[in-house]
Amino acid sequence: MAGVNARAKSGAKTFRVVVIALASVYFLLPLVSLADFSVRFPLTGKVDANAWLALIAPDDSGRLDLLREGLFNSLVMAVMTVVLAIGILLPTMMLVRLRLPKLSRIVEFICLLPLTIPAVVLVVGLAPIYAVISTKILDANTIWLAFAYVILVLPFVYRSLDAGLRSIDLKTLSETTRSFGGSWWTVLWRVIVPNVRSAIVSACFITIAVVLGEFTFARMLARTNLQTSLFQINLSDGQVAAAVSLLCLGLTTLLLVALDLIVGLGERRRARTLAPVTVED
Amino acid sequence: MTQTSASAGRGVQLRNLTRVFGSVRALDDFSLDIAPGELVALLGPSGCGKTTALRALSGLEDVDSGSIVVDGEDVTAKPANRRDMAMVFQSYSLFPHMTVAGNIDFACELRKVAGDRRKIVAENLELVGLGTQADRYPHQLSGGQQQRVALARALAVRPKVLLLDEPLSALDAKVRVQLRDEIRRIQQEVGITTLFVTHDQEEALVVADRVGVMSSGKLMQIGAPADIYSRPVTGFVADFIGQTNKLPGRSAGSSASVLGQTVPLLPGSASGDVTVLIRPENITLRPAAGVAADRAGRVQITGFLGSHAKVRVEVPGGFVVAQLGVGESSGLAPGDEVEVILKDVPALAVATS
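Residue numbers (the UniProt record's numbering), protein chains in the order written: chain A, 1 to 281; chain B, 1 to 353.
Take these hints with a grain of salt, some might be off.
[What the hints assert, rightly or not] Covered stretches of chain A, as calculated for chain B (at least 3 residues, CB under 8 angstroms):
hint, region
1, 161 to 174
2, 178 to 192
[Claimed, not checked] Residues of chain A placed beyond 10 angstroms of chain B at every Cβ, according to the derived structure:
hint, residue
3, 50
4, 110
5, 139
6, 210
7, 253
8, 259
9, 261
What the hints contain is simulated information worked out from the structure, not anything from laboratory work. Note that the structure is predicted; figures quoted are calculated from it, not measured. Glycine is no exception: its CB is placed at the ideal position from the N, C-alpha and C atoms.
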């Protein structure tokens, strides 16, 4: 019996190792290939760092300016999209759960709808809207694409926040806060947000990832973001584009890790400020 | 404790409250007065409206009509966060991301409690016997400890009224009794006006100065626990509080004939053919054979309950349950013939339906 158990455990461990190895290869192989492509000249196989050096060398072709503009626009739009999507969806979902539970199915349907509509179709609908936004309401600045990106990330943000809100007793927590004199803002900011922090962080991660990787909207609406600028650079120099892509991937990863650390740090600091004291009779 | 004088002594008047959910009248012209420093328990079956009454007082539930006056001020239109009350919920309701101290400190911060908040936190934790648990998180505490923290948090903000919404329901029996006694001790020590909602009659009878029994959104009766128990004014109250034998009888004014014996009746009893409601402790059994048929019975089941025993006896037209001392019941066994004797204690008679 013990031998059977040991064999079963060993088999399960082997299975886990194989799955992890396959997943690692699946994710890492394209990155390694990209890195290899960025330093190896395709025709001769010669290895050099010219593509990487080009990123810091003086540039008179204007392609780095294009890249900087695209990166800046994408980062600004990522922040705007995160703020708008979570700022709109979290209070809405709280309201629906606390006051209008009958609407929850409708809200869920609306939020998941963008998943079923191809980006190209969405752009066709959005083009006339952006024509009005560009000429009559705001201007043609790329950052206003963030409004469209909010629609694009709704399903992911909804799912993430939904999981977070399901994991807490929203009604009791909000009623407790209210009964102690807290406003609805206090309920949201001091009680709910800290308790769905991981859900918000994952919603932020996926939103940033979607916005930094978005190409279709920007390309078809003739705006400059990170992906469209990479596309432009790729037309003239594929190796530089590969180097920039890797660099952006690294920066994005650092950004997300930093975000997680900052949020966690805030929580720990607050917990430390409440050390117990002794009562004297 | 310095908070005694700060929080004690706020009267509450709920006047003709009505709250309708669809076709259900959760509160139906409900009125209740709570004296300063008093602990009133609302008791009733599920759906009777007791929690709605408590939530209406807290401001978490709107009322369709009626008024709520606290300490002389009409707070009916005030939102929950401006009513200066504190509530302890059934489901602990501690903020999971805060330590025990953090939970209490946060409540004090929201309520803008004056004074050294750290000291207030420590004092209230000492009050509930959790002085050493200040830096723990809720998930590191047992259910009983979490509810003590919730109680400490509610007391720390020095509310005008303390609201307890079935605070012991989620706890196991032993902890429930322990915390129940502690709630009573602390409430008396602090002297805070308290409304306690429960469906557990024993809990209500033990902790409350007065018990209100509710049914279908109405307050059926309110009074001291002993009065509610021994002088119920309706069949529902008699039936709901404690165990009651329902025996057919014939009422003649202030007494009724039941099982061939005469039983004095409480004021408000029905007359004519009635059902007389008699507590098990008001029935005694005497082993005897060959007694008059209408008071003779046969033991069906005996149940030992520690301090006393309950004996079910078959009588003409049904059965009665008698509560006896352990010594009295020890000689009885199923099948024994007994004489059923009704004590000379006033009982309520309701019209036979």
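Hints, verified against the model:
1. 161 to 174: Since three or more residues must qualify, the claim that chain B covers the region 161 to 174 of chain A holds, with 4 doing so at under 8 angstroms.
2. 178 to 192: Satisfied; 9 residues make the cut.
3. 50: Given a closest Cβ separation of 51 angstroms, the condition holds.
4. 110: holds, 27 angstroms
5. 139: The claim stands: residue 139 of chain A keeps its Cβ more than 10 angstroms from every Cβ of chain B (closest is about 42 angstroms).
6. 210: holds, 28 angstroms
7. 253: Holds: least Cβ distance 27 angstroms, greater than 10 angstroms.
8. 259: holds, 18 angstroms
9. 261: holds, 17 angstroms
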